Amino acid sequence: MAFKFTEENTRRIDLARKKYPTALAAIMDTVWIAQEQNGYISDEVMTEIALILGIDKVQVLSVVTFYTMYFTKPMGKHHVQVCTNVSCMLRGGAEIYDEVSKSLGLEHLGVSTDGKFSLEEVECMGSCGTAPMIAVNEDYYENLDKDKALEIIKSLQ
Amino acid sequence: MEKIVLPDIPNFDKIEVYKKHGGFGAAKKAFKMTSDDVIDTVKKSGLRGRGGAAFSAGLKWSFMPKTTDKPKYLCINGDESEPGSFKDRQIFEYNPFQLIEGILITCYAIGAKSAYIYIRGEYHKWVKLMQEALETAYKDGFVGEKMKKTFGTDFSCEIYIHKGAGAYICGEESSLMNSLEGHRGYPRIKPPFPASKGLWGCPTTINNVETITNVPKIIEKGWEWFSKIGAEKHPGTILYGISGHVNKPGVYERPSGTLLLDLINNEAGGVIGNKKIKCVIPGGSSMPPLRGDQLEGIKMDADSLRAAGSAIGTAGIMVMDEDTNLLKVLLRISRFYHHESCGQCTPCREGTGWLEKTLRRLDSGNGTSADLDLLISVANNIEGNTICALGEAAAWPVKFMVDRFRDEFEKYVKTDVVIPVNNKVHSMRNTANPLANIKH
Ligand SMILES: Cc1cc2nc3c(=O)[nH]c(=O)nc-3n(C[C@H](O)[C@H](O)[C@H](O)COP(=O)(O)O)c2cc1C
Ligand code: FES
Numbered sequence: 001m002a003f004k005f006t007e008e009n010t011r012r013i014d015l016a017r018k019k020y021p022t023a024l025a026a027i028m029d030t031v032w033i034a035q036e037q038n039g040y041i042s043d044e045v046m047t048e049i050a051l052i053l054g055i056d057k058v059q060v061l062s063v064v065t066f067y068t069m070y071f072t073k074p075m076g077k078h079h080v081q082v083c084t085n086v087s088c089m090l091r092g093g094a095e096i097y098d099e100v101s102k103s104l105g106l107e108h109l110g111v112s113t114d115g116k117f118s119l120e121e122v123e124c125m126g127s128c129g130t131a132p133m134i135a136v137n138e139d140y141y142e143n144l145d146k147d148k149a150l151e152i153i154k155s156l157q
Numbered sequence: 158m159e160k161i162v163l164p165d166i167p168n169f170d171k172i173e174v175y176k177k178h179g180g181f182g183a184a185k186k187a188f189k190m191t192s193d194d195v196i197d198t199v200k201k202s203g204l205r206g207r208g209g210a211a212f213s214a215g216l217k218w219s220f221m222p223k224t225t226d227k228p229k230y231l232c233i234n235g236d237e238s239e240p241g242s243f244k245d246r247q248i249f250e251y252n253p254f255q256l257i258e259g260i261l262i263t264c265y266a267i268g269a270k271s272a273y274i275y276i277r278g279e280y281h282k283w284v285k286l287m288q289e290a291l292e293t294a295y296k297d298g299f300v301g302e303k304m305k306k307t308f309g310t311d312f313s314c315e316i317y318i319h320k321g322a323g324a325y326i327c328g329e330e331s332s333l334m335n336s337l338e339g340h341r342g343y344p345r346i347k348p349p350f351p352a353s354k355g356l357w358g359c360p361t362t363i364n365n366v367e368t369i370t371n372v373p374k375i376i377e378k379g380w381e382w383f384s385k386i387g388a389e390k391h392p393g394t395i396l397y398g399i400s401g402h403v404n405k406p407g408v409y410e411r412p413s414g415t416l417l418l419d420l421i422n423n424e425a426g427g428v429i430g431n432k433k434i435k436c437v438i439p440g441g442s443s444m445p446p447l448r449g450d451q452l453e454g455i456k457m458d459a460d461s462l463r464a465a466g467s468a469i470g471t472a473g474i475m476v477m478d479e480d481t482n483l484l485k486v487l488l489r490i491s492r493f494y495h496h497e498s499c500g501q502c503t504p505c506r507e508g509t510g511w512l513e514k515t516l517r518r519l520d521s522g523n524g525t526s527a528d529l530d531l532l533i534s535v536a537n538n539i540e541g542n543t544i545c546a547l548g549e550a551a552a553w554p555v556k557f558m559v560d561r562f563r564d565e566f567e568k569y570v571k572t573d574v575v576i577p578v579n580n581k582v583h584s585m586r587n588t589a590n591p592l593a594n595i596k597h
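Protein chains in written order, with my numbering: chain C, 1 to 157; chain X, 158 to 597.
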C-alpha cells in the first residue's frame, strides 16, 4: 500500500527543509517524522521520502540502514531498550537485560507476536550516572534494579 | 568554588532567571568587541575542548578564514555517545541559554551565520528541552533577525537543532558533518580540515557543548579570571561524570586538575562497601585504563593524565571495585567498538571484530596466553591506521588493559588447550594440535 505523509507532517517536513541549504540534509528529520507516522520505514515509505525531498531512493536507503534507531520492520508498541554497556553492567545492567528478556520471551530485536513488545540491548544511553537504566520508546527509567525494571515491564502489559 | 557551566541557581533553565543573573550580557559585550578580540580573549583564557581531544578553542577558531565568499558554519557536538559520558545532557536540561549565548558569541567570532546543534537521537527528551529553549530565545529576540535590535548590532545568526539517530561514530567531527549533510556518517580524510572545507565544503568550526557553554563567562569576566581556575595549562572547571562502583554517581563540576581520588572518595562518596579500587577509566571508555593501586596523586587535567599514562577524554570517570571481572568489562568495551565501527577502514572493521572474538575465546575459557599477545598485536595494528580516531578508541582500552592488568588476564588463560578439529582422523594425528607441546 502506498504511503502518504499526513498534511501536518508534510508541513513539518517543509519546515525541516528550511533548516538546511540542501534537501538531502533534511533526510534525517524526514525519516524521523516518517517513523513517527508509520512506526517503521518500509520500502513504500522510502519511495515517498525520496519523492518529497526530490532525492534518489538509494540515498534514503543508505541513510536508513546506517542508523540503529531507524527501524526497517515493525517494532513493538512498547520498544524496550536495556543498556548493558560498562557503567550499567557494573551496576547490574546485564542481569536486568537477561531478566527482561526472559519475562518478555524475546531476544535482541525480537518482537512479540501480539506486537505489544519489542526488545533491544542498547549501547550507552548517557545514563551512566543513574545506572542501570532502561528506556521504553522515548522515555528513560533510571536508577533501577531487577525488580524495578520488571515492575515497569509489568505495568505496560 | 564558583561553578561556570552548571551554576547552583534554581530554575536557571528559565529565561527570566537566566536574564536576571546577567544572561545575554556577555553576548552584548562581545558584539561591541571586534571578532579578533573575541577570539584572542578565548585563546588567552586557555579554554580547551571538552569533547575529547582538549584542543585550544580560541586557536581552532582562528583557523577560520577571514575572507571567503562562502558561508561559514558552527557545529555544536552534542552526540555524547562515548560510554561513561553523561554531562552534555545536564547542560541541555539545566543551562540551555548559556549554551545558546555561547553559540551567538562563537558565531560572531568566527563569522558564521548558521549554527547546528547535533544531539544524539536517544536524547528525545533533551532534544525537546533544547528546542523549547531555542524557541523561547527566538521569541524573546535573542536569536535570528530580531537579535540585531535586541543587542543593537548588525550581526545576526540562526541556530538549528539536528537530531541524530543512533550512531556513536557521528560524534567524530567529520562523520558528524556527513551525517548532517544527509549522508551516511562516514568520517572524512583530513586534510582538508573543517576550517577550510567543512559542512557543504564551507569553512566550519566544531566544538563540544560544554566547551561553548564556558564562552559567555570568559567574555563576561575576562580571560585572566578564567585562566587562574584549576590547572594552569588546562584551566577552568570540568564536568566530571563519575559512574560505576561509587556511592554517589553523577556529574560534578570542579576545577580542572582536581585529584582523581578526591573526586571518587569525596564527591562521589567513595567506593560501595568500602572496597578497594581495581581499575579506573578516567575519560570515557576509549581512554587507557588506570590501575587502582596507582591512582595516588593523579590529577584530572589533560597534561597530568597524559603523564600518568591515560587521557582526559570526556572526563567520564568509570570506577571498578576489586571484585570486578576485567575480562568481561574489556569484552563489553570491545563489543561496543566493533558494533560502532563504520566499516570504512579495514584495520578497524576487521580488527575490532578480532578483538571481540579473541576476548570471547578468553571469556569462554578457551584462550591461551598467546591470545593476550594477539590482542595487543591486533590493537597495535589498528592504532594509527584508520581515517578517524575510532581506531585508537578501540585499540587503547585493549592494549593498556591487557598490559597493565596482565596478572589478572593470565588468570583467565587456559594452559592445556585442546583445539577442536572437525576432521576426526586428522585430529588423531599428533601434529593436529601445534600448540599441544608448547608450555606457557
Ligand atoms: C569516535 C569518536 C567519537 C567522538 N564523539 C564525540 C562526542 O560524542 N562529542 C564530542 O563533543 N566530541 C566527540 N568526539 C571528538 C570530536 O571529533 C571533536 O574533536 C570535538 O567535538 C571537538 O570539540 P572540542 O574541541 O570542543 O572538544 C569524538 C571523536 C571520535 C574519534
Ligand atoms: S553505560 Fe548504560 S547508560 Fe552509559
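Honestly, the hints are just simulated from the structure, not real lab data. All of these numbers come straight from a predicted model, not from anything done at the bench. Glycine included, every Cβ here is placed at the ideal spot set by N, Cα and C. Hints are not guaranteed to be accurate.
As the list claims (entries may be wrong) - 27 Å max Cα-Cα, derived DSSO-like pairs, lysine-lysine:
| no. | chain 1 | residue 1 | chain 2 | residue 2 |
| --- | --- | --- | --- | --- |
| 1 | C | K146 | X | K186 |
| 2 | C | K146 | X | K270 |
| 3 | X | K433 | C | K19 |
| 4 | X | K282 | C | K18 |
To be verified - Some chain C residues near chain X, calculated using beta-carbon distances under 7 Å:
| no. | residue |
| --- | --- |
| 5 | L15 |
| 6 | K19 |
| 7 | I27 |
| 8 | T68 |
| 9 | Y70 |
| 10 | F71 |
| 11 | T72 |
To be verified - Partner residues are not named here, just some residues of chain C that face chain X (Cβ under 7 Å, in silico):
| no. | residue |
| --- | --- |
| 12 | A2 |
| 13 | D14 |
| 14 | Y67 |
| 15 | M69 |
| 16 | Y141 |
Violations among the numbered hints, reported as their numbers in ascending order: 1, 2, 3, 5, 10, 11, 12, 13, 16
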